[in-house]
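Letter by letter, the chains look like this.
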Amino acid sequence: MSKSIRTAPRRGLGLSLLAAVVALAFGSSACATDITGAGSSFVYPVISKWSAGYAEKTGNHVNYQSIGSGGGIAQIKAGTVDFGASDMPLDEATLAKFGLGQFPDVIGGIVPAFNVQGVAPGKLVLDGATLADIYLGKIVHWNDPAIARLNPGLKLPDAKITVVHRSDGSGTTFNFSDYLSKVSAEWKSKVGEGTAVNWPTGIGGKGNEGVSAYIKQIPNSLGYVEYAYALQNHIGYALMKNAAGKVVKPMTASFQAAAATADWAHAKNFNLLMTNAPGADAWPITATSWVIMYKQPKNEANTKVAFDFFKWAYEHGQEQARSLDYVPLPDSLVQQIENYWKTEYKQ
Amino acid sequence: MSSIPATTEPVDVDRRSRTDARHDALFRLLLKACALLVLAALLGAALSTLWGGREVLFGHGLHFLASDAWNPVTDDYGALAPIFGTLVTSLIALVLAVPTSFGIALFLTEIAPAWLRGPVATAIELLASIPSIIYGMWGLFVFVPFMSRIEPALNDTLGRIPLVGKLFQGPPIGLGLLTAGIVLAVMILPFICSVMREVFRTVPTRLKESSYALGSTTWEVVWDIVLPYTRSAVIGGIFLGLGRALGETMAVTFVLGNSYNITSSLLMPGTSISSSIANEFNEAVGTHRSALIALGFLLFVVTFVVLLIARLMLRRLARREGN
Amino acid sequence: MAAVHTRRRVVNVVALTLSGCATLLGLVFLAWILWVTLKNGLGAIDWKLFSKITAYADQGGLSNAIVGSLVMDAIALLICAPVGVLAGAFLAEYAHRSKLGATIRFLNDILLSAPSIVLGLFVYVIVVLPMSNLTHGAVSFSGLAGSIALALIGLPVIVRTTDEMLQLVPGTLREAALSLGIPQWKMTVQVLMRAATSGIVTGVLLALARLAGETAPLLFTAFGNNFMAWHPLDKMESLPVAIYQYTNDPNPALHAIAWAGALLITLFVLTLSLLTRLLFSRKKVPHE
Numbered sequence: 000m001s002k003s004i005r006t007a008p009r010r011g012l013g014l015s016l017l018a019a020v021v022a023l024a025f026g027s028s029a030c031a032t033d034i035t036g037a038g039s040s041f042v043y044p045v046i047s048k049w050s051a052g053y054a055e056k057t058g059n060h061v062n063y064q065s066i067g068s069g070g071g072i073a074q075i076k077a078g079t080v081d082f083g084a085s086d087m088p089l090d091e092a093t094l095a096k097f098g099l100g101q102f103p104d105v106i107g108g109i110v111p112a113f114n115v116q117g118v119a120p121g122k123l124v125l126d127g128a129t130l131a132d133i134y135l136g137k138i139v140h141w142n143d144p145a146i147a148r149l150n151p152g153l154k155l156p157d158a159k160i161t162v163v164h165r166s167d168g169s170g171t172t173f174n175f176s177d178y179l180s181k182v183s184a185e186w187k188s189k190v191g192e193g194t195a196v197n198w199p200t201g202i203g204g205k206g207n208e209g210v211s212a213y214i215k216q217i218p219n220s221l222g223y224v225e226y227a228y229a230l231q232n233h234i235g236y237a238l239m240k241n242a243a244g245k246v247v248k249p250m251t252a253s254f255q256a257a258a259a260t261a262d263w264a265h266a267k268n269f270n271l272l273m274t275n276a277p278g279a280d281a282w283p284i285t286a287t288s289w290v291i292m293y294k295q296p297k298n299e300a301n302t303k304v305a306f307d308f309f310k311w312a313y314e315h316g317q318e319q320a321r322s323l324d325y326v327p328l329p330d331s332l333v334q335q336i337e338n339y340w341k342t343e344y345k346q
Numbered sequence: 000m001s002s003i004p005a006t007t008e009p010v011d012v013d014r015r016s017r018t019d020a021r022h023d024a025l026f027r028l029l030l031k032a033c034a035l036l037v038l039a040a041l042l043g044a045a046l047s048t049l050w051g052g053r054e055v056l057f058g059h060g061l062h063f064l065a066s067d068a069w070n071p072v073t074d075d076y077g078a079l080a081p082i083f084g085t086l087v088t089s090l091i092a093l094v095l096a097v098p099t100s101f102g103i104a105l106f107l108t109e110i111a112p113a114w115l116r117g118p119v120a121t122a123i124e125l126l127a128s129i130p131s132i133i134y135g136m137w138g139l140f141v142f143v144p145f146m147s148r149i150e151p152a153l154n155d156t157l158g159r160i161p162l163v164g165k166l167f168q169g170p171p172i173g174l175g176l177l178t179a180g181i182v183l184a185v186m187i188l189p190f191i192c193s194v195m196r197e198v199f200r201t202v203p204t205r206l207k208e209s210s211y212a213l214g215s216t217t218w219e220v221v222w223d224i225v226l227p228y229t230r231s232a233v234i235g236g237i238f239l240g241l242g243r244a245l246g247e248t249m250a251v252t253f254v255l256g257n258s259y260n261i262t263s264s265l266l267m268p269g270t271s272i273s274s275s276i277a278n279e280f281n282e283a284v285g286t287h288r289s290a291l292i293a294l295g296f297l298l299f300v301v302t303f304v305v306l307l308i309a310r311l312m313l314r315r316l317a318r319r320e321g322n
Numbered sequence: 000m001a002a003v004h005t006r007r008r009v010v011n012v013v014a015l016t017l018s019g020c021a022t023l024l025g026l027v028f029l030a031w032i033l034w035v036t037l038k039n040g041l042g043a044i045d046w047k048l049f050s051k052i053t054a055y056a057d058q059g060g061l062s063n064a065i066v067g068s069l070v071m072d073a074i075a076l077l078i079c080a081p082v083g084v085l086a087g088a089f090l091a092e093y094a095h096r097s098k099l100g101a102t103i104r105f106l107n108d109i110l111l112s113a114p115s116i117v118l119g120l121f122v123y124v125i126v127v128l129p130m131s132n133l134t135h136g137a138v139s140f141s142g143l144a145g146s147i148a149l150a151l152i153g154l155p156v157i158v159r160t161t162d163e164m165l166q167l168v169p170g171t172l173r174e175a176a177l178s179l180g181i182p183q184w185k186m187t188v189q190v191l192m193r194a195a196t197s198g199i200v201t202g203v204l205l206a207l208a209r210l211a212g213e214t215a216p217l218l219f220t221a222f223g224n225n226f227m228a229w230h231p232l233d234k235m236e237s238l239p240v241a242i243y244q245y246t247n248d249p250n251p252a253l254h255a256i257a258w259a260g261a262l263l264i265t266l267f268v269l270t271l272s273l274l275t276r277l278l279f280s281r282k283k284v285p286h287e
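Protein chains in written order, with numbering that gives the first Met the number 0: chain Z, 0 to 346; chain L, 0 to 322; chain E, 0 to 287.
Isolated chain Z, as found in the complex (with noise of 0.2 Å):
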């Protein structure tokens, strides 16, 4: 009955009881082999399954969670996180400016994914032209000559294309936006490319689960997502003309192709976009995303472990990184982020 009255007190206490506690956690905190990072969705599965491994391994935990790129910049700006995690690369200036290094995770690929009666995943080819004009909104009508040209012997139905995008500000996003940017100069000049744009067309649905329910309920749709997500997930998916003519099909040997024919030597701080990459093989949209670091740790102890994580993932994450249909990135690009950490953050 005079509850409510009682705790009157108590909450008075609250205070000393917030230091008692505080006092606590310090005392705690002193086992800290717990290590923090966050930042891209993109990359969250096989962070999460890397961590998984490292831990049973070491007995250290590596907690990484989805924020998003644009929270993990601001976090680890912040100093709350030992690493965030991006899918846009940051540029020299920012860099420079905070005193962080980046380097590349992991590679996967994105895919256009389609709902059209009578025609299976994997029949459909597109090309970039044909694809930036669509999300144009220029070409409305699935058997539009432009992609009847770049499909002949397919009967495409006389249907409107109905457009799905992300609505959520995403990585995704920006590498298909940036492939479109590549592509189209029309594009370019009318939206251009981020994590969220200003979509000419279509609807928007939230997540890889909102696009990819939007592709499988509304006939004669079209929209992207990422490869994993399609193939585990069983949506159809399309056959583009990369950069060199030849038209090839989402999978592990045509990511890294892509991944191997970019010039990272060249990149500074692997500033570099994997889209509509030169190789014969290359699938045109291949997206990787960068965990940035403090050059000059804030936390020594987390920032040698972390350090640790990423070599142990580079060498012994591969096989998982696979099972969830990423890809690993190729040893060439691993020597040279190993070189990087020894040039840029001083061991």
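It is worth saying that the hints were derived from the structure and are not from the lab.
Nothing false has been slipped in among the hints.
Computed cross-link-like contacts, BS3-like style, restricted to lysine-lysine with a CA-CA straight-line distance of at most 30 Å:
1) Z:K96 / Z:K303
2) E:K98 / L:K31
3) Z:K137 / L:K165
4) Z:K248 / Z:K159
5) Z:K187 / Z:K267
6) Z:K310 / Z:K96
7) Z:K240 / Z:K154
8) Z:K310 / E:K51
9) E:K47 / Z:K56
10) E:K38 / Z:K215
11) Z:K159 / L:K165
12) Z:K303 / E:K51
13) Z:K189 / Z:K137
14) Z:K56 / E:K51
15) L:K165 / Z:K215
16) Z:K76 / Z:K267
17) E:K185 / L:K31
18) Z:K341 / Z:K303
19) Z:K96 / Z:K181
20) Z:K245 / Z:K181
21) Z:K96 / Z:K294
Under 8 Å between C-beta atoms, here's a sample of chain Z residues computed to sit facing chain L:
22) I72
23) T161
24) D167
25) S169
26) V190
27) E192
28) A195
29) W198
30) I202
31) Q216
We put the CB at the ideal spot given by N, CA and C, even for glycine.
Once you have looked at the hints, place chains L and E on chain Z.
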């Protein structure tokens, strides 16, 4: 013998009333402190959005309020489309949820047999305990396909009516303002209904009995006795629901279609303030982030204005009744 | 006369029928949503859900998320229930017609609709960042910060309902109590709050229902933790955050776990609401 208590008792009473007064003052202070904490929380939250969104709010000024553009690439932001979507979906939700909640509350307090009231009331309240992300997933995977089957029929029936017909014409893709409004209505229904049911039960039985004795029907008792008696609390419950509808995020995001449009049709996709924030915040940096926080501030303003209008309307209503 | 009588009866029957239909509609939606949740989540509910942690996602466990949610929801309720009930009592009993009361009431309604992500950011600024600076990064995101953000979400619901429920306690009860010489605080706590218990508890449950499903404010406050954490100053996982992460994961097996997590939240709130109802229905004080 009787003189002893006569001298000691007044002292006791005096001391007791003094302690009482002190306790009363303390109690009042405690209560006031708690109330002021609510005040501080709101002002703090509002000011932090004002601060976080200052770049866009003060830098872009009127353009931010009056434009319907939303282009993160060129950093050109206008809040008109999200504001429009927020207001329209909340309005649809209220129009659907208020009468339904009233009906349920009426059923639970006046019609249902006693053994049925508890279980049904708990069931309806359970609607409130479903996490909003589940409303979103259910909306996305189940309700949107359902609506896409219904929408052609809407086009052919309601869509044919002159004037209002325009509201119900559009592509049958299942998502859009109407779908979001319906999902919101289901979400806020238990909030409005719980409050209505609770307050309906507080109406003194003798008031109702007197009315019944005069030959009133159940409906008349509820409409003429129960509702006026509880009006303020019922409106409080509706505000509770409205508040939730205006700020709801996850459920709306999955079914609204998320396109920065202002359309005359309820079947077209739109966007809302909170879903824009939830969608883009995680990946946003710089001006984009500022614009989203500024949107958060605008939601405070929109809510303020909506509530103000509601209050003014109520006051006018009360005055008319007073005459 | 007869026509009027018939019309009144027709109106009555129509209104009562519609009210029955409304109830049915509400129940249909509930059954529909629960059915979908059950269908999708039941397959993932087994002992592993309660024994394994989210770090090993493919083992199908949510135990650290369950613990985190329980701890944070409990602390959040401990903060917002007393504050909310007392603030509501202040509005109803001491500031019923005052300007301050009207202002707070109005602002409270606005707080109700504040987007939860904004409240999360606010707590990030006033709790997480200062903590991080104070402890040089040893404590930054924490379950406590998450609880405070959740408390801010539950608070206005409790204030609103307590205020309304106390106002509805008949004035005669107040007069009777005061005429017996009871001090006002005793009257408020022992008579009025008791009379309004059922309503106030409903408010607290509504608040719990609302805060138990929140994701957005937790990302920037409790952060999440793939490993088990009990300490409120550790980074903490929660069911809504785990659901949020799992639904966007490519692996369809994790989608089922996400549904199972949602089912857990719903069942948790249901159980609590049934328990409290059982507890308080015996003590109920009739109004007449």
